[in-house]
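Based on the provided sequences and hints, a complete structural model is requested.
These protein sequence lines map, in sequence, to chains Z and Y.
Numbered continuously in the numbering used here, the first sequence closes out at residue 268.
Numbered continuously in the numbering used here, the second sequence closes out at residue 64.
Think of the hints as simulated: they come from the structure by calculation, not from any bench.
Some hints here could point you the wrong way.
[Unchecked claim] Label pairs and their in silico Cβ distance ranges: (1) Z/Ser255 - Y/Ile59: 44 to 52 Å; (2) Z/Leu248 - Y/Pro31: 22 to 30 Å; (3) Z/His129 - Y/Ala28: 16 to 24 Å; (4) Y/Arg36 - Z/Val198: 32 to 40 Å; (5) Z/Leu160 - Y/Arg29: 23 to 31 Å; (6) Y/Met49 - Z/Pro125: 27 to 35 Å.
[As the list claims (entries may be wrong)] Quick look at which bits of chain Y chain Z covers, simulated, 3 or more residues with Cβ under 8 Å: (7) 26-37; (8) 50-57.
[To be verified] Here are a few chain Z residues that face chain Y, going by a calculated C-beta distance under 7 Å: (9) Leu165; (10) Phe182; (11) Glu203; (12) Thr228; (13) Leu239; (14) Leu242.
Please read these numbers as outputs of a predicted model, since none were measured by experiment.
Backbone N, C-alpha and C fix where the C-beta goes; we use that ideal spot for every residue, glycine too.
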Amino acid sequence: MLVDIISASSSRCRDGILPLMLHTILGQLLSSWLLPGSGHILSGRKNTGIWLLLAINGLWILGMWLSNFEASSQQFHPWLFWVGTGCGSTLVLSWFEPASDLALRGLATVQKYQDVPKWNDTGALLVYCAGLLNLLSCLDLLDARIDPSRRETPADGEENSR
Amino acid sequence: MSDLAAFLLLTLVISIVHVLVTRTARSPQSVRRETTRYFLSAAGGMLLLGLIIEVISELFQ
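Listed below in structure tokens is the structure:
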């Protein structure tokens with residue numbers, strides 16, 4: 107038995123950590139959290155993954171662009187920011203604080219406040235919706251692993267590694 | 004008009020994700036057809052409801 111364990115461990119070391127991660131549910135969930143849709147692609151549901159990747163990332167990128175990256179700032183949106191972290195990229199981006207220059211410190215004038223772009227709040231809304239939708243897609247990934255029979259079978263030509 | 008465009012975009016993405024994560028082995032329709040049906044019923048229903056509320060509020064003013 108010890109020999110089996112040692113040979114299995116050495117086999118894992120030989121294959122590397124990356125292929126191992128790709129086949130575990132935790133690796134797929136982490137991947138899906140950081141890049142929405144990628145977990146589905148890794149689990150073999152390529153069409154679903156590509157559509158999720160385009161839809162959620164498109165919403166996230168558009169939202170970040172419209173909100174001037176304020177949606178990734180805990181300073182501007184202290185509570186809603188955590189909704190946006192449903193997409194891991196929001197959390198990663200917040201470490202760089204790209205919107206810190208936009209903060210009005212001290213007594214901001216009314217004129218300056220009115221300079222905030224019209225689409226700013228809409229952009230933040232899009233990012234936070236993308237975060238919630240990505241949580242949903244991560245739950246779908248987990249659910250498909252728990253009971254694969256509930257999910258559709260992959261289309262022709264799609265490989266299913268589950 | 005721009006608000007309407009943002010609303011429609013958001014509803015479209017929510018429709019796509021909803022259909023993709025709730026599909027089962029017994030889903031009869033194609034993804035595209037199911038997404039279109041969901042989008043039209045969700046966005047159309049909400050717009051219709053908004054229109055009815057607008058009309059009622061105009062009537063009572």
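A quick look at each hint next to the structure:
no.	hint	result
1	Z/Ser255 - Y/Ile59: 44 to 52 Å	holds (48 Å)
2	Z/Leu248 - Y/Pro31: 22 to 30 Å	holds (26 Å)
3	Z/His129 - Y/Ala28: 16 to 24 Å	holds (23 Å)
4	Y/Arg36 - Z/Val198: 32 to 40 Å	holds (37 Å)
5	Z/Leu160 - Y/Arg29: 23 to 31 Å	holds (26 Å)
6	Y/Met49 - Z/Pro125: 27 to 35 Å	violated (46 Å)
7	26-37	holds (count 5)
8	50-57	violated (count 0)
9	Leu165	holds (5 Å)
10	Phe182	violated (19 Å)
11	Glu203	violated (26 Å)
12	Thr228	holds (5 Å)
13	Leu239	holds (5 Å)
14	Leu242	holds (6 Å)
Going through the hint list in order, the structure does not satisfy hints 6, 8, 10 and 11.
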